Amino acid sequence: MTDLLEVNGVTKRFGGLTAVKNATFTLKKGEFTGILGPNGAGKTTLFNILTGFMQPTTGTIHFNGELVRELAPYKIVNRGMARTFQLTRPFVGMNLLENVLVACMSPRASNDKDKEERASYLLAQVGLGGRDKEPVETLPYGDLRRLEIARALATRPDLLLLDEPFAGLGSGEIEQLAQLIRRLHREQNLTILLIEHKLREFMALVSRVIAMNFGEIIAVGPPEEIVKNEKVIEAYIGKTEDAHASA
Amino acid sequence: MLQILIYGAVSSAIYAMLAVGFTLIFGVARILNLAHGSFYALGAYAAYVLTSLLKIPLFLAAPLAVLLVAGFGVVMERFLVRPLRQSQLAVLMITLAVSLAVEQALFLIFGSEYRNVPSFVAEKLSIGGVDISGQRLLALVAGVLVLLTLWLFIQRTRLGAAILAVSQDPEAAQYMGIPTNRIFSIVIAISAGTAALAGVLVSPFLTVQPTMGLLPMVKAFAIVIVGGLGSIPGSIIASLILGYSETIVAYLISTSWTELVSLVAVVITLMIRPSGILGRRAAF
Amino acid sequence: MRRISLIDIAGAIVLVAILALAPMFVSSNYLTGVLTVCAVYGIWASSWDFMSGLTGRENFGHSLFIGAGAYTAGFLATIWSTNPWLSLPTAVGVAIAFSLLVGFPTLRLRGPYFALAMLSASAILQRLCLIFWEYTGGEEGLYGLDPLIKSPLHYYWFVLAVLVVTVIVLTLLAQSHWGLLLRAIRGDEATCQAAGINVTFYKIASLMISAGFAGLGGALYAHYQLQVSPPLFSVVVSITVIIMVYVGGIGSIYGAAVAAILLTLLTEMLRGFGEYRLWIYTLTLMLILFFLPNGLIAPLWRRLTERLR
Ligand SMILES: Nc1ncnc2c1ncn2[C@@H]1O[C@H](COP(=O)(O)OP(=O)(O)OP(=O)(O)O)[C@@H](O)[C@H]1O
Ligand SMILES: [Mg+2]
Chain A
1 MTDLLEVNGV
11 TKRFGGLTAV
21 KNATFTLKKG
31 EFTGILGPNG
41 AGKTTLFNIL
51 TGFMQPTTGT
61 IHFNGELVRE
71 LAPYKIVNRG
81 MARTFQLTRP
91 FVGMNLLENV
101 LVACMSPRAS
111 NDKDKEERAS
121 YLLAQVGLGG
131 RDKEPVETLP
141 YGDLRRLEIA
151 RALATRPDLL
161 LLDEPFAGLG
171 SGEIEQLAQL
181 IRRLHREQNL
191 TILLIEHKLR
201 EFMALVSRVI
211 AMNFGEIIAV
221 GPPEEIVKNE
231 KVIEAYIGKT
241 EDAHASA
Chain B
1 MLQILIYGAV
11 SSAIYAMLAV
21 GFTLIFGVAR
31 ILNLAHGSFY
41 ALGAYAAYVL
51 TSLLKIPLFL
61 AAPLAVLLVA
71 GFGVVMERFL
81 VRPLRQSQLA
91 VLMITLAVSL
101 AVEQALFLIF
111 GSEYRNVPSF
121 VAEKLSIGGV
131 DISGQRLLAL
141 VAGVLVLLTL
151 WLFIQRTRLG
161 AAILAVSQDP
171 EAAQYMGIPT
181 NRIFSIVIAI
191 SAGTAALAGV
201 LVSPFLTVQP
211 TMGLLPMVKA
221 FAIVIVGGLG
231 SIPGSIIASL
241 ILGYSETIVA
251 YLISTSWTEL
261 VSLVAVVITL
271 MIRPSGILGR
281 RAAF
Chain C
1 MRRISLIDIA
11 GAIVLVAILA
21 LAPMFVSSNY
31 LTGVLTVCAV
41 YGIWASSWDF
51 MSGLTGRENF
61 GHSLFIGAGA
71 YTAGFLATIW
81 STNPWLSLPT
91 AVGVAIAFSL
101 LVGFPTLRLR
111 GPYFALAMLS
121 ASAILQRLCL
131 IFWEYTGGEE
141 GLYGLDPLIK
151 SPLHYYWFVL
161 AVLVVTVIVL
171 TLLAQSHWGL
181 LLRAIRGDEA
191 TCQAAGINVT
201 FYKIASLMIS
211 AGFAGLGGAL
221 YAHYQLQVSP
231 PLFSVVVSIT
241 VIIMVYVGGI
251 GSIYGAAVAA
261 ILLTLLTEML
271 RGFGEYRLWI
281 YTLTLMLILF
291 FLPNGLIAPL
301 WRRLTERLR
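Residue numbers (the numbering used here), protein chains in the order written: chain A, 1 to 247; chain B, 1 to 284; chain C, 1 to 309.
I should point out that these hints are in silico values taken from the structure, not numbers from a laboratory. As the structure is a computational prediction, the values presented were derived from the model and not from experiment. Incorrect hints may appear among the rest.
Rough simulated footprint, nothing fancy, chain C against chain A, three-plus residues with beta-carbon under 8 Å [what the hints assert, rightly or not]:
| # | segment |
| --- | --- |
| 1 | 105 to 118 |
| 2 | 145 to 156 |
| 3 | 209 to 223 |
Backbone N, C-alpha and C fix where the C-beta goes; we use that ideal spot for every residue, glycine too.
Bound conformation, chain A alone (with noise of 0.2 Å):
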């Protein structure tokens, strides 16, 4: 297995605060990774800087060997790292159809030749089949989130960053999103790199867990190892009830 994406000493600040300090760590290509941390731990930064929506104070960032900070978002999104966004942003005033239509033209999905269909099939493959004239207005949480894969899918991405999926969901619709998401990581040999807060919903789904706290990476392994890790233990202890709160 290769290095698909590998970020070298990244650190973010914004004023006085460190967002993301020193973060160095790498995905092999066809791996499930989760990056773990508690509420303003610097997931999203993190995510920010790989996909080129903020440039780093300091690091690097290869993907697919190539050096990809300073290019711009779209761009990055055309190498083949495709991202969803924690709180979802769809296009309003469009149907689902359009909504994942404007991700088929980009170039990468340049050989999708009927752009339609394939828009249509990829509704079909997250759970939203049947429903392309919908309009988005009206659409529930767990469906906006399918709709974000979907939209992220048309760029046909080798490397897909969901940020928090699972938020706001009940636990049936987690579940089956969780599926959803097995199911591209494995019939598509998709990597995937994912960010989740609560521990639990990580132990099924990934192989390997990123641990960030206060914008540093704190530990690194499966997630069996994850759950004993004292460090992890401490940042988590701290935030019982919250933990307690949210699950």
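Chain A is already provided as a structure; the job is to place chains B and C with the ligands on it using the hints.
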């Protein structure tokens, strides 16, 4: 050399008076006021009407003109702009409609010929061998005083603190019990008043005619882009840059080239540093 | 976006037929002239709507492209005295060149910057026209352009045909995947980026298309007036165009064209009011802003034909 120094300072002071109000109302109320040039023109015409037609002495007419225009600004914001604030395009359109209406009204009432306003100070002064009219010097002094007062007002008073709070986060300010709508009225009054004062001060030595507001509006906009939309110190620095570059260009090349200075400044700023010299946001 | 239905096509054919045949019933050169101006404004308004209506980046300096096109025609005719027909493609080219010139520094930015930058650019170009009066004729402008077609009626039909083609091309573009992207850009640029779309490219390209048609309209206008002068660059021209689009219903393109025709006719009828004309115009604008935030023409047409779709 000294001539450039003095004339540049006069231009800068006038530009700063225009730009500060423009940037203030944007920074606080997010209103991009295309009628800002009208305040300036109205100030000049009010001074003309009060002095030449109603024969009111100038030292009374000037503050009266400023007050009248400030009142006009408040009414405009309250009844025309505020109901449409949700839509940026609607705000642009309505303020533009106001500026067109003002220009047309001035044209219908006064015609397109140039009007004269008497000077406050008729004497010519000589500083280090450079002749300068007292009126221009007065504009400089008044401009500096107005900006200082405004700065002290915003930094030192409770009302100023409230204005700053609204500009930083309108929602939070509202939760803290700051009456944002009242703040908007005060800010538009300040904004209109300073622009009108600039109009009153320049009217004796510039041409007073209905379309006089457009170019200063464009200049104020250029300054605000260069200085950073919403930043008062930025707009003062940019006023100095623009005022002096224009004076130097007028001195070295020709006055007709000065208009290009602001264009070049805007283009350079937008390309190198889109948020302006002291802008807070990366880009809106 | 709504697909075009048969009733839309029928409505368009009837309207174009009325416009084309009107001068034959009321044969007067005055009416033909007014209708020619109507059609030119239709081209300007629909070209504004394509870029600004779809992407939500309001261009307050459309007159820049209009003036650039008109002056190109003026220069070609008076200074180089080329074949007058050459001025149409050249005007398109020059207007597009200007759109690149102003679009690159300004379109990367969001919010009000673009509107204001375009407004300033057109105001400054108007000043430049006066500064370089030796070449541009200053306030007087350039005189003595040749008409493209001798017969005013035939010229009117030509301009009307150009308008029809403009509206068809822009509508097809707006309904294509391209238009979808422009509307997506209007919605959320970050999401567009995340969808792998080069937002700047599409914004610039749509501005180029918009400018090209505006410049074409400018040249047609120049060859109708047989002269060009600095007010073509004026803010009032841009605003008039925006008002027309607003009345037509932003983003509909056909609405902009119809509103442009109706408002131009209305302006002509108000000529009796002389100097109060612009006042009435401004007042109309204020009333529409307050009471018809979605415009008049397109919403009305949709309402009328709802049953027939
Ligand atoms: N644009 C920004 N400007 C300034 N500070 C920021 C910015 N974006 C994030 N931060 C700060 O950086 C820190 C990390 O934020 P980030 O959103 O990356 O956390 P997170 O791990 O994604 O948290 P959550 O679980 O709540 O999503 C926070 O303290 C946040 O306030
Ligand atoms: Mg986050």
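Verification of the hints:
no. : hint       : verdict
1   : 105 to 118 : holds (count 6)
2   : 145 to 156 : holds (count 4)
3   : 209 to 223 : violated (count 0)
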